[in-house]
Each structure stands twice: as C-alpha cells, then as structure tokens.
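What follows is each chain in one-letter form.
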Amino acid sequence: QVQLQESGPGLVKPSGTLSLTCTVSGASIINDVWWSTWVRQPPGKGLEWIGEIFHAGTTNYNPSLKSRVTFSIDTSKNQFSLRLDSVTAADTAIYYCASTIIPYTQGEHWGQGILLTVSS
Amino acid sequence: QSALTQPASVAGSPGQSIAISCTGTSGDVGAYNFVSWYKQHPGKAPEFIIYDVDKRPSGVSDRFSGSKSGNTASLTISGLQDEDEADYYCSSYTSSRTYVFGTGTKVTVL
Numbered sequence: 010q011v012q013l014q015e016s017g018p019g020l021v022k023p024s025g026t027l028s029l030t031c032t033v034s035g036a037s038i039i040n041d042v043w044w045s046t047w048v049r050q051p052p053g054k055g056l057e058w059i060g061e062i063f064h065a066g067t068t069n070y071n072p073s074l075k076s077r078v079t080f081s082i083d084t085s086k087n088q089f090s091l092r093l094d095s096v097t098a099a100d101t102a103i104y105y106c107a108s109t110i111i112p113y114t115q116g117e118h119w120g121q122g123i124l125l126t127v128s129s
Numbered sequence: 348q349s350a351l352t353q354p355a356s357v358a359g360s361p362g363q364s365i366a367i368s369c370t371g372t373s374g375d376v377g378a379y380n381f382v383s384w385y386k387q388h389p390g391k392a393p394e395f396i397i398y399d400v401d402k403r404p405s406g407v408s409d410r411f412s413g414s415k416s417g418n419t420a421s422l423t424i425s426g427l428q429d430e431d432e433a434d435y436y437c438s439s440y441t442s443s444r445t446y447v448f449g450t451g452t453k454v455t456v457l
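Sequences listed follow chains A and B, in order. The number in my numbering is simply the position in the first sequence, starting from 1, with 9 added. The number in my numbering is simply the position in the second sequence, starting from 1, with 347 added.
In case anyone wonders, no lab produced these hints; they're calculated from the structure. Some hints here could point you the wrong way.
Pulled from the structure, derived: some chain B residues nowhere near chain A, Cβ distances all over 10 angstroms [stated by the list, open to error]:
1) Q348
2) S356
3) A366
4) S373
5) G374
6) D409
7) T419
8) S425
Below, computed lysine-lysine pairings styled on DSSO-like, alpha-carbon distance capped at 27 angstroms [unchecked claim]:
9) A:K54 x B:K415
10) B:K402 x B:K391
11) A:K22 x B:K391
12) B:K453 x A:K54
Just so you know, even glycine gets a beta-carbon here, dropped at the ideal spot from N, CA and C.
Could you put together the complete structure from these sequences and hints?
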C-alpha cells in the first residue's frame with residue numbers, strides 16, 4: 010500500500026523560504042516510472058497545480074510559480090521536496106504531494122496535506 | 348494558464364444522474380485525451396476517479412463515467428448517492444507540458 014506524508018514548518022514569515030518534503034512508503038519512486046506532483050489549495054478555494062518531478066529528475070513547473078519554485082528528489086530517503094522562495098500571504102494554502110505511475114495525471118496516491126501559513 | 352471552467356454547483360436527488368462540465372481550450376482539454384477527475388470531501392485530500400477522459404482507476408465505482416467533446420470534458424455520476432456529495436475537480440494536461448485544474452464544482456445531494 011503506497012502512502013505519502015508531507016512534512017514541513019507550518020508557518021513561514023513573509024519573504025522567507027518554504028521547504029516541504031513528501032515521504033513515500035510502500036513503493037520506490039526511483040525504481041519505477043513514477044511522477045510526483047505538488048498541488049496546493051488556499052483555504053476555501055480550488056486546487057492549483059504547482060508542478061511535477063519525474064523519478065529521473067525531470068521537472069515541469071506552473072509558469073506562474075516557476076521563478077520561485079524548485080523540486081528535488083532524495084533517492085536515499087524515497088522523498089521528494091518542494092522549495093518556494095519569497096513567499097507572501099498569497100502562498101498560504103494546504104500543500105498536497107501526490108505520486109503515480111499513470112502518466113498525464115496526478116494519480117491515485119496523495120498525502121493528507123499540510124497547512125502552510127505565511128505570516129509575521 | 349487559466350483554470351478550466353466548471354459550474355460552481357450541481358444538485359440532484361438520490362438515484363438521479365448528474366453531469367459536470369469542464370471547459371478549456373484547444374491548448375489543453377481540446378488538445379489531448381488527458382483529462383482527469385478528482386473528488387474531494389471537506390478537509391480531505393482529493394480522490395482520483397477518472398483519467399484519460401474516460402478510464403476508471405481500480406476500485407472506483409462504475410457510476411462515475413467521463414467523456415469529452417471538443418474543448419469540454421464531462422463527468423457523469425449515475426445513481427446519485429449521499430456519499431457523492433463533495434467537491435469535484437477536473438485536470439487537463441496542456442500544450443505547455445503543464446497541468447491545469449478546473450474551478451471546482453460542489454455537488455449537493457438533495
């Protein structure tokens with residue numbers, strides 16, 4: 010059974026940097042054809058695709074966030090991570106990680122989500 | 348990239364069928380058969396219910412079906428049940444090699 014768990018600070022100051030990690034258990038994201046995605050949802054609003062990273066390290070980012078976001082994979086820990094620079098209150102949201110071997114989709118395996126609040 | 352357009356709300360009585368539309372452009376929905384649908388209960392992570400326009404992942408009820416015509420994809424829920432009350436989002440691959448979600452639709456079971 011594949012499970013994903015997001016972890017991170019919860020609270021970040023404006024202009025600071027957000028770092029979130031998604032730990033995958035029940036599957037090795039480097040041994041199969043895995044696509045891993047970050048999605049966010051501001052409180053009371055809809056889903057926003059942040060970007061995706063392929064197990065080999067290829068990335069695709071939302072153009073609106075591309076200048077501030079960086080994804081990475083830690084193969085030794087079966088984790089993938091998101092870094093978002095220069096955060097503002099508009100980045101306050103629940104952040105979800107997701108993984109799948111089904112191409113062209115965010116897929117069936119999602120973390121429970123983590124609320125990130127940007128506030129001084 | 349602009350969010351795909353979905354109706355804000357759709358309602359139906361138990362046992363009825365409802366359809367949710369997802370309208371994009373020739374650069375996303377109209378360009379590829381890579382439309383997915385997700386169901387989200389309040390406070391929970393999205394659940395994957397349709398991919399590649401009309402394919403159901405293992406374990407998803409056959410009461411959920413998908414289709415597409417031109418730049419508009421649709422999700423149909425047949426035999427509406429109380430547990431279907433949730434928010435629904437479409438997602439499409441785009442010609443920019445990115446993805447875009449729909450605006451979301453709240454389904455109410457009357």
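Consistency of the hints with the structure:
1. For B:Q348, the requirement that its beta carbon stay farther than 10 angstroms from each beta carbon of chain A is not met, with the minimum near 6 angstroms.
2. Residue-level check passed: B:S356 sits 13 angstroms from the nearest beta carbon of chain A, beyond 10 angstroms.
3. For B:A366, the condition that its CB be more than 10 angstroms from all CB atoms of chain A holds, with the nearest at approximately 19 angstroms.
4. Look at B:S373: its CB is around 17 angstroms from the nearest CB on chain A, clear of 10 angstroms, so calling it non-interface holds up.
5. Distance check for B:G374 against chain A: the nearest CB is about 13 angstroms away, which clears 10 angstroms, and the non-interface claim stands.
6. Listed as outside the interface, B:D409 is consistent with that label: its C-beta sits roughly 17 angstroms from the nearest C-beta of chain A, beyond the 10 angstroms cut-off.
7. Consistency note on B:T419: stated as away from chain A, and its beta-carbon is indeed over 10 angstroms from all of that chain's, at 18 angstroms minimum.
8. For B:S425, the requirement that its beta carbon stay farther than 10 angstroms from each beta carbon of chain A is met, with the minimum near 22 angstroms.
9. A threshold of 27 angstroms between alpha carbons decides the hint, and for A:K54 with B:K415 the separation of about 25 angstroms falls inside it, so the pair holds.
10. Only pairs whose Cα atoms come within 27 angstroms are accepted, and B:K402 paired with B:K391 is accepted, the gap being roughly 23 angstroms.
11. Taking the CA atoms of A:K22 and B:K391, the gap is about 26 angstroms. The hint holds against a cut of 27 angstroms.
12. With a C-alpha separation of about 12 angstroms, the suggested pairing of B:K453 with A:K54 holds against the 27 angstroms cut-off.
Checked against the numbered hints given earlier, this structure breaks only hint 1.
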